[in-house]
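Colleague: Chain by chain, the residues run as shown.
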Amino acid sequence: MSEEVKNEPQLPSGNELILSSSPHIHDRENIQSIMVKVLLALMPAIFMGMWLFGADAIRVILLCSIFCVGAEILWCLMAGKPTSTVKDCSALVTGILLALNLSANVPWWLCLIGAILAIWLGKQIFGGLGHNPFNPALVARVGLLIGFPKLMTSWVPTIFMGQNTQSYSKAFFSDSIWMNVLEGKLDGITCATPLGLAGEAEKIISGAGAPQLFSGITTSEAYLNYFWGNVGGCIGEISAVALLLGGVILVWFKLIKWQIPLCYIGTVAVLSWCINLFFPGVTPPALFHLLTGGLLLGAIFMATDMVTSPMTGLGAVIFGIGCGLITCVIRIWGNYPEGVSFSILFMNALVPLIDRVATKKPFGYIKRTTEKGATA
Amino acid sequence: MSSDISYKTVSFKGGVHPAKDGKSLSGDRPIKTAPLLEKYQVIVHQNIGAPPKLLVAVGDKVKKGQLLAEADGFVSVPLHAPTSGEVSAICDIPGPMGVPVQAVEIKSDGEDTWTELLSPLDWRNAEPQELKDRIHDAGIVGMGGAAFPAHVKLSPPPDKKIDYLILNGAECEPYLTADHRLMLEEPDKVLEGAAILGRSLGVSNVFVGIETNKEDAIAVLLKKASAYNVGIVGLKVQYPQGAEKQLIYAVTKRKVPAGGLPMDVGCVVQNVGTAAAVTDAVKAGIPLIERVTTVTGEPVKEPANWRFRLGTPIIKAIELAGGVASEPGKAILGGPMMGFAQKSFDVTIMKNTSGILLLDAKDVFQYESNPCIRCGKCINACAMNLSPGPLGAMIESEKFDLAARAGVMDCIECGSCAYICPARIPLVQHFRRAKAEIRRMTQNQKK
Chain B
1 MSEEVKNEPQ LPSGNELILS SSPHIHDREN IQSIMVKVLL ALMPAIFMGM WLFGADAIRV
61 ILLCSIFCVG AEILWCLMAG KPTSTVKDCS ALVTGILLAL NLSANVPWWL CLIGAILAIW
121 LGKQIFGGLG HNPFNPALVA RVGLLIGFPK LMTSWVPTIF MGQNTQSYSK AFFSDSIWMN
181 VLEGKLDGIT CATPLGLAGE AEKIISGAGA PQLFSGITTS EAYLNYFWGN VGGCIGEISA
241 VALLLGGVIL VWFKLIKWQI PLCYIGTVAV LSWCINLFFP GVTPPALFHL LTGGLLLGAI
301 FMATDMVTSP MTGLGAVIFG IGCGLITCVI RIWGNYPEGV SFSILFMNAL VPLIDRVATK
361 KPFGYIKRTT EKGATA
Chain W
377 MSSDISYKTV SFKGGVHPAK DGKSLSGDRP IKTAPLLEKY QVIVHQNIGA PPKLLVAVGD
437 KVKKGQLLAE ADGFVSVPLH APTSGEVSAI CDIPGPMGVP VQAVEIKSDG EDTWTELLSP
497 LDWRNAEPQE LKDRIHDAGI VGMGGAAFPA HVKLSPPPDK KIDYLILNGA ECEPYLTADH
557 RLMLEEPDKV LEGAAILGRS LGVSNVFVGI ETNKEDAIAV LLKKASAYNV GIVGLKVQYP
617 QGAEKQLIYA VTKRKVPAGG LPMDVGCVVQ NVGTAAAVTD AVKAGIPLIE RVTTVTGEPV
677 KEPANWRFRL GTPIIKAIEL AGGVASEPGK AILGGPMMGF AQKSFDVTIM KNTSGILLLD
737 AKDVFQYESN PCIRCGKCIN ACAMNLSPGP LGAMIESEKF DLAARAGVMD CIECGSCAYI
797 CPARIPLVQH FRRAKAEIRR MTQNQKK
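Protein sequence lines correspond, in order, to chains B and W. With our numbering, the residue at position 340 of the first sequence is 340, and numbering never jumps. With our numbering, the residue at position 432 of the second sequence is 808, and numbering never jumps.
Bear in mind the hints are in silico, worked out from the structure with no lab data behind them. You may find that some hints are simply not true.
Not everything, but these chain B residues come out facing chain W in the computed CB check (under 8 angstroms) [as the list claims (entries may be wrong)]:
| # | residue |
| --- | --- |
| 1 | Ser21 |
| 2 | Ser22 |
| 3 | Ile25 |
| 4 | His26 |
| 5 | Asn30 |
| 6 | Gly199 |
| 7 | Lys257 |
| 8 | Met306 |
| 9 | Ala358 |
| 10 | Thr359 |
A quick note: this is a predicted structure, and the numbers were derived from the prediction, not measured. Yeah, the Cβ is synthetic: ideal placement off N, Cα and C, and Gly gets one too.
Let the hints inform the model, and build the full structure from the sequences given.
Modeller: Pasting the structure below:
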């Protein structure tokens with residue numbers, strides 16, 4: 001065409017043009033950017049865990065991340081798949097979530113087993129990212145819980161609890177009845193979770209019939225500790241404020257369906273409030289349930305995993321309520337003090353069914369059925 | 377009547393809002409008329425429906441506006457010569473869909489002399505049928521992109537009562553500004569066309585729907601609308617606001633049934649460009665031989681809105697726009713969301729070419745698709761309330777019967793799902809394939 005002006009950019013020949021189906025422009029968001037934003041939302045919980053548990057927590061988080069990414073690469077090499085899937089950062093997210101679900105004092109090999117459970121059994125065996133029915137980090141957590149129950153339920157104190165956890169716990173729960181509970185449970189280097197204590201209390205209550213036992217773990221001082229995270233527990237589950245901040249980030253970036261945490265937490269709140277109202281000896285009040293254990297971590301970060309949760313808003317509501325119900329049932333009547341992991345895994349299994357009933361009706365769909373009925 | 381209607385902003389549900397809409401490239405450029413070219417290659421089959429029957433042969437002398445081909449059947453429109461001159465060839469040229477198409481090549485004689493035009497009509501007193509015949513004779517099709525013969529939409533069967541005529545001035549496609557400029561610069565033509573279309577349908581509820589990013593056009597039309605008994609409706613800036621069913625829902629809250637037509641809910645939708653062409657045809661007897669097209673995109677030196685004659689090769693259009701400042705990687709007829717990628721610059725402008733868009737080589741990618749992470753963005757974006765992600769999975773595993781049951785035939789191919797998908801799954805491509813497969817399957821069943 002314009003051969004006289006060589007320096008000018010020219011129209012390419014038709015063969016150099018890209019031919020493809022519309023649309024020709026694309027939103028910038030991709031899987032990697034989503035995962036990076038999830039990591040960003042996890043930062044408050046990570047920093048809180050690092051601060052409260054110190055170097056131990058950093059060690060566990062680093063180990064789990066490295067092991068998970070390593071497990072992903074190793075699987076891809078063994079399966080003859082490109083290892084570039086690591087770049088989507090999903091293995092890193094799984095690693096961090098796994099670490100947040102562990103106690104800060106777990107040995108390195110537990111992190112390794114957890115990583116292999118999460119990446120291989122939880123994800124790759126189903127075909128990798130997008131195909132796993134269960135949340136990989138939770139598969140690992142529950143696998144470890146069943147395989148290593150002692151390690152998975154011994155908790156270290158936070159730096160603010162001082163060296164002598166026994167005396168701290170006693171001071172914390174000054175009620176004299178608590179002495180008896182704690183004497184047998186604490187060994188000086190570990191510390192009980194509030195939910196674990198509540199479970200112990202329930203056992204005593206059912207024997208002695210003393211609902212005021214819960215009063216020791218539901219003082220306003222105790223609630224403040226739960227809120228900021230100065231309690232025993234997993235690295236990532238203890239600080240309610242950090243998790244809520246992460247939840248705000250997730251909702252802000254539209255990375256999760258807000259219906260899931262809202263319905264999940266709401267169901268737990270309503271149910272535990274009702275039960276506590278009518279049977280005060282059975283379970284502590286609702287606020288205790290909301291702030292302790294893995295509820296916030298589970299509701300905000302685990303249940304909301306895109307791959308393993310329903311795709312529609314209505315589905316998310318059903319999913320959240322289901323998670324809440326099962327969590328309450330396990331916490332209040334089950335043998336385990338905590339039911340968040342089990343409830344989410346159970347509801348994960350129901351997601352295909354939920355998606356089926358919660359599919360949106362196509363635009364103008366109702367009239368089509370009547371039309372078809374008329375012609376049939 | 378329209379003075380009673382207060383201006384308000386409405387919308388459909390779903391859709392996407394592309395971050396870069398590109399409208400500022402050409403939105404403030406007044407429409408320029410392209411100079412006469414030496415030759416035009418007018419594609420014969422420019423309308424949906426039957427191709428018109430050719431009336432000319434090589435060597436024939438034609439005048440501007442003379443019939444080149446006559447309608448063949450009801451769903452067909454005639455075609456007219458863009459200028460005076462000689463038919464120098466009847467040949468195959470690259471078509472907009474990638475397959476060669478028949479075209480009439482007219483060598484201009486430079487005189488640009490009009491043929492004898494049809495007599496002007498006094499539309500306020502003309503019979504509706506007279507108006508419809510004129511719209512047909514002028515070769516007018518839907519100029520927004522579909523190229524559906526305008527008179528067919530104006531002739532609903534007697535059992536379908538039409539009570540709404542909606543003019544589509546949404547122009548929701550990013551980058552395109554042709555309709556915007558037309559409404560701004562020729563508001564009377566657009567509004568009068570709306571009134572004429574309304575009369576031909578016997579409808580008094582006539583509205584023009586405009587996305588609120590065209591404030592200046594809305595202001596101009598609002599000032600003049602009452603003189604033509606036309607209402608102006610603001611539309612939220614959300615793609616695909618201008619899709620027919622979505623526009624009808626936004627304006628009337630009526631839902632066109634799945635598999636149905638707008639007339640099933642008493643509505644007819646026409647593009648604002650179509651309305652302007654109708655005014656020309658009825659008031660001046662001028663057939664459709666030119667249209668306003670946006671030549672735009674980052675590589676284009678002087679993005680602008682041009683009045684091109686049918687048969688103008690897009691290479692000429694790009695030259696008129698100053699050529700390119702950087703190397704384009706994609707050439708698109710239409711907008712970036714629904715337009716067609718081209719592999720030749722010899723494609724010529726047709727009645728429905730709303731835009732010629734070049735995208736920078738650095739901005740276009742052939743994405744590798746990743747597995748669906750079930751984020752659900754596609755479901756929220758789907759203007760037809762389908763579940764694009766799961767549908768795509770069905771089609772990838774060739775379960776076309778399942779896809780049909782899940783409503784893939786209702787897909788309007790707006791591209792919102794594929795635009796938003798973080799896994800870059802080519803969803804629209806999947807749906808087009810499934811639609812073709814399902815149509816073939818049902819045809820085989822009939823046999």
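Colleague: Now look at each hint and say whether the structure bears it out.
Modeller: To see whether the hints hold, each was checked on the structure:
1. Ser21: 4 angstroms, holds
2. Ser22: 5 angstroms, holds
3. Ile25: 4 angstroms, holds
4. His26: 6 angstroms, holds
5. Asn30: 5 angstroms, holds
6. Gly199: 35 angstroms, violated
7. Lys257: 7 angstroms, holds
8. Met306: Result: holds, 5 angstroms to nearest chain W Cβ.
9. Ala358: Cβ of B/Ala358 sits 10 angstroms from chain W, so the hint is violated.
10. Thr359: Hint on B/Thr359: holds, closest Cβ of chain W at ~6 angstroms, below 8 angstroms.
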